[in-house]
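Residue numbers (numbering that gives the first Met the number 0), protein chains in the order written: chain A, 0 to 297; chain B, 0 to 266.
Note that these hints are calculated values from the structure, not bench results. Please note: incorrect hints may appear among the correct ones.
Stated by the list, open to error - Calculated lysine to any residue pairs in the SDA-like style (CA-CA distance at most 25 Å, straight line):
| no. | chain 1 | residue 1 | chain 2 | residue 2 |
| --- | --- | --- | --- | --- |
| 1 | B | Lys123 | A | Ser196 |
| 2 | B | Lys174 | A | Lys157 |
| 3 | B | Lys75 | A | Ser196 |
| 4 | B | Lys123 | B | Asp140 |
| 5 | B | Lys123 | A | Phe198 |
| 6 | B | Lys253 | B | Gly51 |
| 7 | B | Lys123 | A | Asp185 |
| 8 | B | Lys224 | B | Pro249 |
| 9 | B | Lys174 | A | Ser188 |
| 10 | A | Lys157 | A | Leu141 |
| 11 | B | Lys174 | A | Asp185 |
| 12 | B | Lys128 | A | Ser196 |
All values reported here derive from a predicted model rather than from experimental measurement.
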Amino acid sequence: MDALSTDKGQVPEYFRYHQKTALLRTFLRHPMTRVGLPGLLIIAIAAVLGPLLVPYGADEPDLAAIFAVPSWSHWLGTDQLGRDLLARLLEGAQVSLSVAIIATLFATVLGCLYGFVAGMGPVWLDRIMMQFLDTLLSIPVLLLVIVAQAFGESSVLKVIAVIGLASWMGTARLMRTECRRLMAADYISAALVGGASQFRLAITHLLPNAAAPLLVVVTVGVGQAVLIESTLSFLNLGVPSTLPSWGNLLGNGMSSLLGGAWWMVLFPGLMIVFTVASINLVGDGLRDIVDPKRRAGL
Amino acid sequence: MSTPLLNVEAVSRVYHSLGGMFSGKRHNVRAVNQVSLSLAEGDVVGLVGESGSGKSTLARMIIGLEQPDSGQVLLKGANIHACRAQQLRRMRQTMQMVFQNPYTALNPLQRIDAAIVEPLVNFKSLSQKERTTVAVRALEDVGLPARLLHAYPHQLSGGERQRVCIARALSVQPKLLLCDEAVSALDKTVQAQVLTLLRQLQQRYKLAILFISHDLAAVNQLCDKLLVMRQGEIVERGNCQTLLSNATHPYTQKLLAANHYLEGVGQ
Ligand SMILES: Nc1ncnc2c1ncn2[C@@H]1O[C@H](COP(=O)(O)OP(=O)(O)OP(=O)(O)O)[C@@H](O)[C@H]1O
Ligand SMILES: [Mg+2]
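Let the sequences and hints guide you as you build the complete structure.
Below, the structure is given as structure tokens:
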């Protein structure tokens, strides 16, 4: 008998399942995902199909129905120009979510590159880079973003860049830690002995083995990005005010709140909370599957 | 005399570690101390010694995974620690290594075929078809069926994995193979198979092998020459058979006695 056949502790826990379907089933059965995933699905479908189903355009003013209270004709009411709030929220979902997703992807690429250099480079470089990261992390993100946004014209691209630049640090730290951990593995030594370049090491060995925790960080990152984008737009520092992003709608609603148009604040607010909560729940579910210690503690 | 394939000249490595938590005293471990050895083409040399005697450290310095504090490692006359990273990478084709633990030496997310051809692909660009051909032949070489090409490491037994590791190391047709406890993690029958395999491959490809082990029986089965290491130094060297039948150094005698004792218990 093979003496070591039971001792496979070195293989990542999340890969010990012999079939990927088993892993998927565990994920789908997780209490967090059971709530979060349908939520995300609803939002995604609404963002894609919603604007086609609502009989009003997002920028279609109706001067006969200014500040209309939610009713059968305008489910979520209208704003100061008589534009249908539901149509604007659904259109806004596309804006807010694509900004958040693209910004997070940007941050992920940036963070991974930084993490690779720090995690695979010499120790002195790692020290300097981590010190720099700590310094950056001690500055409140929102402050950074607000200062950056206060300069120059607002544009979607700029918002994406600013959110990306403000949120790559967590990914960088994770990637660096994963690299340091994995670099001690025999298969990395074996790859080095096999003449692997740093690039190959990063792409074929480190990245796949760090993919699971990375996925968690990315998921949660999208939720954070939605929040940052909303906050910026709410403060009039985000995407151009002509675009119906959720933050813009919320900000616009706040200025009409004194007039009694509660729906213009409530529904954008609910939308943001619902989205971020769904994303975080899915992120938590992923985290529990990826991290065996946490799963054991359930 | 022509330059030998591998020449290790007085390499040393000291590890610094803090002593106790409160003493704060620096504690130096002389892991490898002034070790010299040389291997000619086709030499099969065993390196034995108790745990902690510095065998792995020596192997890692020879293969270039670790820097010696002093001394040099010459591969075909070129100092591998003095050359540039690019050059060292090219030299890897001459020298490969099989690691102790077959469960950690393969990337769990890399398919067997990709793992086997990886070192080769680092030096040559191969089409997908050529890669498959090479991988199939390499698997045949180590006595594994071609159906394992698309398997992942966790689907293989320890012995199969170690064969895959050997196939991977041999894919670039090296002249020198370092085996650091390459069979220690395997049970006796699989161990014997892998040793036989190594011997066959050694003869087929005129490989030089530095076989590190603490198992004298395994060394006896495979090696022609023997080095005995203790506390970072080589205390005895010579012909394998002669050394094992009449050791002169008391430490070698002790090692022999310990191994016989173990074998006696096993029977
Ligand atoms: N990275 C390190 N840091 C500090 N000390 C180390 C390090 N690596 C090895 N050592 C020490 O160096 C000595 C030699 O270790 P080495 O791993 O080379 O022994 P070995 O002969 O391979 O033992 P084994 O048969 O158990 O594998 C040991 O005393 C060990 O504690
Ligand atoms: Mg060792």
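- If you draw a straight line from the CA of Lys123(B) to the CA of Ser196(A), is it 25 Å or shorter? holds (13 Å)
- Message: Does Pro249(B) sit within 25 Å of Lys224(B), going by the straight-line distance between their CA atoms?
- Response: OK: Lys224(B) and Pro249(B) at ~19 Å, within 25 Å.
- Task: Sort out whether Ser196(A) lies within 25 Å of Lys75(B), counting only the CA atoms.
- Result: Between Lys75(B) and Ser196(A) the Cα gap is close to 23 Å, so the pair holds against 25 Å.
- Message: Hint check: Lys123(B) vs Phe198(A), CA-CA at most 25 Å. Holds or violated?
- Response: holds (16 Å)
- Hint consistency between Lys157(A) and Leu141(A) [alpha-carbon to alpha-carbon, up to 25 Å]: Measuring from Cα to Cα gives roughly 15 Å; hence the hint holds.
- Task: Sort out whether Lys157(A) lies within 25 Å of Lys174(B), counting only the CA atoms.
- Result: Judged against 25 Å, a Cα distance of about 57 Å means the pair is violated.
- Is it true that the CA of Lys123(B) sits at most 25 Å from the CA of Asp185(A)? Holds, at roughly 24 Å.
- Query: Is the Cα-Cα distance between Lys174(B) and Ser188(A) 25 Å or less?
  - Reply: holds (19 Å)
- Are the Cα positions of Lys253(B) and Gly51(B) separated by 25 Å at most? holds (16 Å)
- Task: With a cut-off of 25 Å on the C-alpha distance, tell me whether Lys128(B) and Ser196(A) pass.
- Result: Given pair Lys128(B), Ser196(A) holds - Cα atoms ~23 Å apart, limit 25 Å.
- Item | Straight-line alpha-carbon gap Lys174(B) to Asp185(A), limit 25 Å | Status holds; Cα separation ~22 Å.
- For the pair supplied as a hint, Lys123(B) and Asp140(B), is the alpha-carbon distance within the 25 Å limit? holds (20 Å)
Consistency with the previously given hints fails for number 2 only.
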